[in-house]
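Peer 1: Those protein sequences? They're chains A and B, same order as listed.
Residue numbers for the first sequence, in the working numbering: 1 to 393.
Residue numbers for the second sequence, in the working numbering: 1 to 393.
Don't read these hints as lab results, they were simulated from the structure.
No incorrect hints appear here.
Straight-line C-alpha distance at most 27 Å; calculated DSSO-like pairs for lysine-lysine:
(1) A/K225 / B/K138
(2) B/K218 / A/K225
(3) A/K220 / B/K101
(4) B/K59 / B/K164
(5) B/K225 / A/K138
Incomplete in silico selection of chain B near chain A, CB under 7 Å:
(6) R31
(7) S71
(8) H250
(9) H261
C-beta atoms are modelled at their ideal positions from N, C-alpha and C, and glycine is treated no differently.
Protein chains: 2
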Amino acid sequence: MAIKSFHPPQRILMGPGPSDVSPRVLEAMSRPTLGHLDPVFVSMMDEMKELLKYAFQTKNELTMPVSAPGSAGMETCFVNLVEPGDKVIVCQNGVFGGRMKENVERCGGIAVMVQDDWGRAVDLQKVEDALKANPDTKVVAFVHAETSTGAQSDAKNLVALAHKHGCLTIVDAVTSLAGSPLKVDEWAIDAIYSGTQKCLSCTPGLSPVSFGERALEKIKNRKNKVQSWFLDLNLVMSYWGGSTKRAYHHTAPINSLYGLHEALVILQEEGLENSWARHQKNHLALRAGLEAMGLNFVVPESERLPQLNALTIPEGVDDALVRATLLNDYQLEIGAGLGVMAGKVWRIGLMGHASNKRNILVCLGALDDVLGRVKAPVQLGVAVAAAQKVLEN
Amino acid sequence: MAIKSFHPPQRILMGPGPSDVSPRVLEAMSRPTLGHLDPVFVSMMDEMKELLKYAFQTKNELTMPVSAPGSAGMETCFVNLVEPGDKVIVCQNGVFGGRMKENVERCGGIAVMVQDDWGRAVDLQKVEDALKANPDTKVVAFVHAETSTGAQSDAKNLVALAHKHGCLTIVDAVTSLAGSPLKVDEWAIDAIYSGTQKCLSCTPGLSPVSFGERALEKIKNRKNKVQSWFLDLNLVMSYWGGSTKRAYHHTAPINSLYGLHEALVILQEEGLENSWARHQKNHLALRAGLEAMGLNFVVPESERLPQLNALTIPEGVDDALVRATLLNDYQLEIGAGLGVMAGKVWRIGLMGHASNKRNILVCLGALDDVLGRVKAPVQLGVAVAAAQKVLEN
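Starting from the given sequences, assemble the full structure and let the hints guide the process.
Peer 2: Laid out in structure tokens, this is it:
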């Protein structure tokens, strides 16, 4: 065995995440490691909490990054808020609603599924019907921005509906945070989790979460211990909590946190509203190019996420071949379909640092070339110009 | 709010971990992010598995890093191997045995505790007595290298004893991996977890684990689903498993994995046995200096870990003041006591990249200065020379 150092190629990441990471974030990750109880590090943790509160638009004291990827953030919400026997309404309109169901059941809860077509927003009426049919429901869980389809649901009104029926809410904001409007306090979301590798343009591996007062009340009054020691917020709070004395729980991923801190400083410099507007504008430019080629969006316009564009793969086109050619010839990664959409859609992300003019033009130009080579039934040579027209406005 | 980029000072990390990280590892973490299903990244994952197999001295196919810190590696072992009602003998001789008990109980298992004094190895006779008294025991769990005390237990014979009684073994090797002899296959360990921030000298955040055939058999024949979706090895294997087709489970922490890959390449270049020998030699030099000053080790010599030196704080010395002065004046971090040892011991790590001559001399010289300032009852001005004598041999 003589394995050498690993030197990855420089890709352009326009899949469903990870997205392109800012060089500032990558550099931050290589700064000197500190101890997890070093007073200088602890002051960085305080800043991190402030920065995350800004990103989530919340004053929740319990706002912090879980030391593991978004899936662990999801699990943090469920294991802390769902006790055995609790009924949870889970809205499924893509892959991640299914994962929520798994979480509920592994906590001993009862999942009542509200199904919507993949590629559509969650239907408020169906949720209201389920709430009426299940008056003993404790929690309503839904995905704000479905990463598997690019559909956006009406978080504000879903939360209002859940509260009307006395339920807590768990919201998946993995793909929405920093990419499209999300207001935790104004919308009164009780528990929310996100990821670092989408519109924050940080490397993957951490999951920002935030819990409001109603959620904390439930956690403090649990009858049973949280089934996960690692994700038990009663314990995690002793390290990330508001007190000046931090108690050791687990060793924090120091350098990954440097990266997230820098990504959040960049977001603060740009301004949250400006970031949302940038994602929206760049989406419109990409959309103009894709539609000029004749490609069709999966999600109806009013329910579309600007940061994740799901497209129907044209008839007769070899999905894997096109993606491999983009990767090998252009170092460009776009996403495949997930679950029932595998082989049927492409997912083109314009997330965070990757949501920029250069990427839009490279992506459209490369698609133009590669779809031409495989003789796809699309209009060639028009995409870049259509996008440029929007970008110039 | 106007929070600036975070620029940490350059510390010397000689606590219980994180330890000093090699500049090569830090640089690796800042390389361009790849997608988690990129074929180039997948080939890196294959190399990672080979490198980890070497570090663990195993041929176990299921050898990989969990995408979260050591505590999550511990939880991975317990949630996959312990089912409700299972009896588990947990050996406790420090903080981490207590954490194992928490894990067993949160899995619905029954923990039978075998208690030893903190600072001592696990007593084989007590474990045998417990096994005889509890013939329905399914698993024996113990800590190979207790990070809270610096004591090393006889993993080889503990595993043999457990197997004689038909039990599986879960071994905590967070602090031992790469720092002192550890042979997973030769000792027939069934399930083992470690951390990246100790003797691998990588940044914290990942937990290398390895599972042998008996453990896999148990996992495949479980009656109940694993209570954690994130840590369910049946699912994780679809991404990290042997097949060439990798299925998405969660988004891997790409850049942290670059760091671990580089740390393991460095270990391979040095050679595992050479790394063990270096830790031992540097321990002897540090010990000579500390003993020349008149400081006393907590752990008897035959049970001492070379990579973690726990010392009794001399009578009348202000623990927090000494550590703060070392940190502020010398940028040197040493560890405080944990649990019942808080305020009573210091833990000086010589782990991985931090186990080197320069650190030994700086540590002894700085201690000499600071203990002199607080008028500690120790012999001053002799420590560095005593260490140098050993280093010269």
